[in-house]
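Asker: Required output: the full structure, derived from the provided sequences and hints.
Order-wise, the sequence lines are chains A and B.
Mind the numbering: the first sequence is residues 1203 to 1539 in my numbering, read in order.
Mind the numbering: the second sequence is residues 1203 to 1539 in my numbering, read in order.
Careful: at least some of the hints might be erroneous.
Any copy will do: because identical chains look the same in the list, a pair fits if it lies in one copy or spans two.
[Stated by the list, open to error] Lysine to aspartate or glutamate pairs mimicking EDC-like chemistry, simulated, CA-CA at most 20 Å apart:
| # | residue 1 | residue 2 |
| --- | --- | --- |
| 1 | LYS1522 | ASP1245 |
| 2 | LYS1522 | ASP1431 |
| 3 | LYS1447 | GLU1239 |
| 4 | LYS1463 | GLU1347 |
| 5 | LYS1522 | GLU1347 |
| 6 | LYS1272 | ASP1422 |
| 7 | LYS1522 | GLU1251 |
| 8 | LYS1272 | GLU1381 |
| 9 | LYS1505 | GLU1381 |
| 10 | LYS1230 | ASP1473 |
| 11 | LYS1399 | GLU1301 |
| 12 | LYS1522 | GLU1239 |
| 13 | LYS1474 | GLU1451 |
| 14 | LYS1229 | ASP1246 |
| 15 | LYS1447 | ASP1245 |
Because the hints were derived from the structure by calculation, they are not lab data.
Owing to the predicted nature of the structure, the values given are computational and were not obtained by experimental measurement.
Protein chains: 2
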Amino acid sequence: MPQRVGRYTINLPSRPVIIGNAAVVGKKEGEGPLAEEFDHIFDDTTMGEASWEKAESAIQREAVTRAISKAGIGTADVDMIFAGDLLNQCIGTTFSLRELNIPLAGLYGACSTMALSLALGSLMTDSGALGTCVATTSSHFCSAERQFRYPLEYGGQRPPAAQWTATASGAAVIKNQGEGPHIDAVTIGRIQDMGIKDANNMGAAMAPAAAETIADFLNDTNTKPEDYDIILTGDLGAIGSTLLKQLLEKDKNIDISAVHKDGGLMIYDIDKQDVNSGGSGCGCSGAIVCSYILNRLRSGELKKVLFVGTGALMSSTSSKQGESIPAIAHAVLLSCQ
Amino acid sequence: MPQRVGRYTINLPSRPVIIGNAAVVGKKEGEGPLAEEFDHIFDDTTMGEASWEKAESAIQREAVTRAISKAGIGTADVDMIFAGDLLNQCIGTTFSLRELNIPLAGLYGACSTMALSLALGSLMTDSGALGTCVATTSSHFCSAERQFRYPLEYGGQRPPAAQWTATASGAAVIKNQGEGPHIDAVTIGRIQDMGIKDANNMGAAMAPAAAETIADFLNDTNTKPEDYDIILTGDLGAIGSTLLKQLLEKDKNIDISAVHKDGGLMIYDIDKQDVNSGGSGCGCSGAIVCSYILNRLRSGELKKVLFVGTGALMSSTSSKQGESIPAIAHAVLLSCQ
Chain A
1203 MPQRVGRYTI NLPSRPVIIG NAAVVGKKEG EGPLAEEFDH IFDDTTMGEA
1253 SWEKAESAIQ REAVTRAISK AGIGTADVDM IFAGDLLNQC IGTTFSLREL
1303 NIPLAGLYGA CSTMALSLAL GSLMTDSGAL GTCVATTSSH FCSAERQFRY
1353 PLEYGGQRPP AAQWTATASG AAVIKNQGEG PHIDAVTIGR IQDMGIKDAN
1403 NMGAAMAPAA AETIADFLND TNTKPEDYDI ILTGDLGAIG STLLKQLLEK
1453 DKNIDISAVH KDGGLMIYDI DKQDVNSGGS GCGCSGAIVC SYILNRLRSG
1503 ELKKVLFVGT GALMSSTSSK QGESIPAIAH AVLLSCQ
Chain B
1203 MPQRVGRYTI NLPSRPVIIG NAAVVGKKEG EGPLAEEFDH IFDDTTMGEA
1253 SWEKAESAIQ REAVTRAISK AGIGTADVDM IFAGDLLNQC IGTTFSLREL
1303 NIPLAGLYGA CSTMALSLAL GSLMTDSGAL GTCVATTSSH FCSAERQFRY
1353 PLEYGGQRPP AAQWTATASG AAVIKNQGEG PHIDAVTIGR IQDMGIKDAN
1403 NMGAAMAPAA AETIADFLND TNTKPEDYDI ILTGDLGAIG STLLKQLLEK
1453 DKNIDISAVH KDGGLMIYDI DKQDVNSGGS GCGCSGAIVC SYILNRLRSG
1503 ELKKVLFVGT GALMSSTSSK QGESIPAIAH AVLLSCQ
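Answerer: Pasting the structure below:
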């Protein structure tokens, strides 16, 4: 049964197990430094579909079905799926999961969705409400670009602070028992907004949310950064990662620099792949957690990883109306099997 | 601790309590048959804001703060809020809750969101993960029209099957103990899609999802329609409600006609208020459940209500790409205090 620890953190005493995980990506991500980690690389970014939105659904479906298969179960064994994406009305998720006949709790947490889905799924597994569930999310560069910024054909210039939405999806199967990495605790974040209005600088908008949630988690659990092998933020990129470390040091007297990694800096070679400040998108952290991180926790190479998914909760409408960019970050403590 | 009953339903043995609820609506809803039920009617549909999206945030914030106040607590007493809306990237919710400093689990369930938020909130309260949480959702006619259909200034003709998105919000405060109506069980729905492609006929698209979830719930709990005072669907409207009863009778041999009500048919006088097939929108069922239904459960006038929130999971992009409209319905069993 879940137990609250401190103000914002919830411990999961039964330690729900991730019995299967899969990550699939597009061509550009398959040319990056983590290529070897992924379960599948789509060389054709259309995934054979007639639209970018349908391509995103295809990639998410691929991750979900691979994770379920790797867990050694079938879709009928899954009690619930927690899923969401960046597209308007989350159609990446809807059309991905339409045929699977699994109860769906639809989520919206922008790029924090992998952490949110793992958090809610593990909370409900720990409580006994679910025996087995799936957490998933996805993003696609081409569907995101035309929705949030410009149609690709326009050839808009990308400023240095911009990040590259990853074409990627990750999925994890959580069960109340079995073999695999555990989810030990979760922290659901609060919206933070320090007034950033530049929709081409998501890292700066999200850094305060990551700082707050990391500080909350460490404070609630009475632990220090060095107690973790990695504190992984989702997709702050180069600018957001620098800001995060500055905010934590200045405001909270916490130095995470020895253990911090960021999904947006891991998925691409930012010096060679022309992605400006790094990767972003729900699928960025989703794919990294559901490959690199969980695989190393499974093998014992990593012992404890605090995954902090970061999301910018704006829309192109709110930005056009002059609003700043509120952000949120959710934390999930992953430990080795 | 939550206990699974049958294939899809989860019982909540601790019977989480709704210690406060509030519903606020716009001018047109305040001219309808439920006017007396609502906590507040905004005569100015802009709510004094500079855009329809900001107006929607204002109405949701009003419902949330009123519900918290009626519960006799403060925002600092709320452990988590479950919230979502229809706007792209759920900005109705983000900007509504930005200043409240409450951990946020963002949801997307289209018009099923009130049921989804009540379901997840009560599940996590029953498990002990949360002491107190809030479930909320909202919709606004003007923000929905221009996002899903036409700008209001265009004066688009509305076909007979169209429904009128309610300008409304409901919020409920759920606690592990106290006085008020209880949440006894929940069923999270599966996506249903019978191939309806007419984006002006949401009721028809959603009816199969409602039928499936109602049948699942009755089957899992081994109960009959007459065991409930009301089986309330969210916003099927006139066409969807007729279809729902036909589907249940024909496919499942279940007759709910004696106890069925639909939020879309309750919120307006459909003969006089020019709303074609009835009301719709997250806020439609949200406001009705958080006023009419919960108030009568609180007074004992109603004993048992099965609330089945219904959502159409399309976007204007998916419809323009020729996709049919997948739908989902989640059920929450509400009982008197």
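Asker: Does each hint fit the structure? Answer for all of them.
Answerer: Hints and how they fare:
{"no.": "1", "hint": "LYS1522 / ASP1245", "result": "neither (35 Å within a copy, 27 Å between copies)"}
{"no.": "2", "hint": "LYS1522 / ASP1431", "result": "neither (41 Å within a copy, 47 Å between copies)"}
{"no.": "3", "hint": "LYS1447 / GLU1239", "result": "neither (27 Å within a copy, 51 Å between copies)"}
{"no.": "4", "hint": "LYS1463 / GLU1347", "result": "neither (25 Å within a copy, 43 Å between copies)"}
{"no.": "5", "hint": "LYS1522 / GLU1347", "result": "both (16 Å within a copy, 18 Å between copies)"}
{"no.": "6", "hint": "LYS1272 / ASP1422", "result": "neither (34 Å within a copy, 30 Å between copies)"}
{"no.": "7", "hint": "LYS1522 / GLU1251", "result": "between (31 Å within a copy, 15 Å between copies)"}
{"no.": "8", "hint": "LYS1272 / GLU1381", "result": "within (12 Å within a copy, 47 Å between copies)"}
{"no.": "9", "hint": "LYS1505 / GLU1381", "result": "within (15 Å within a copy, 45 Å between copies)"}
{"no.": "10", "hint": "LYS1230 / ASP1473", "result": "within (14 Å within a copy, 57 Å between copies)"}
{"no.": "11", "hint": "LYS1399 / GLU1301", "result": "between (39 Å within a copy, 17 Å between copies)"}
{"no.": "12", "hint": "LYS1522 / GLU1239", "result": "neither (38 Å within a copy, 36 Å between copies)"}
{"no.": "13", "hint": "LYS1474 / GLU1451", "result": "neither (30 Å within a copy, 62 Å between copies)"}
{"no.": "14", "hint": "LYS1229 / ASP1246", "result": "within (7 Å within a copy, 51 Å between copies)"}
{"no.": "15", "hint": "LYS1447 / ASP1245", "result": "neither (36 Å within a copy, 48 Å between copies)"}
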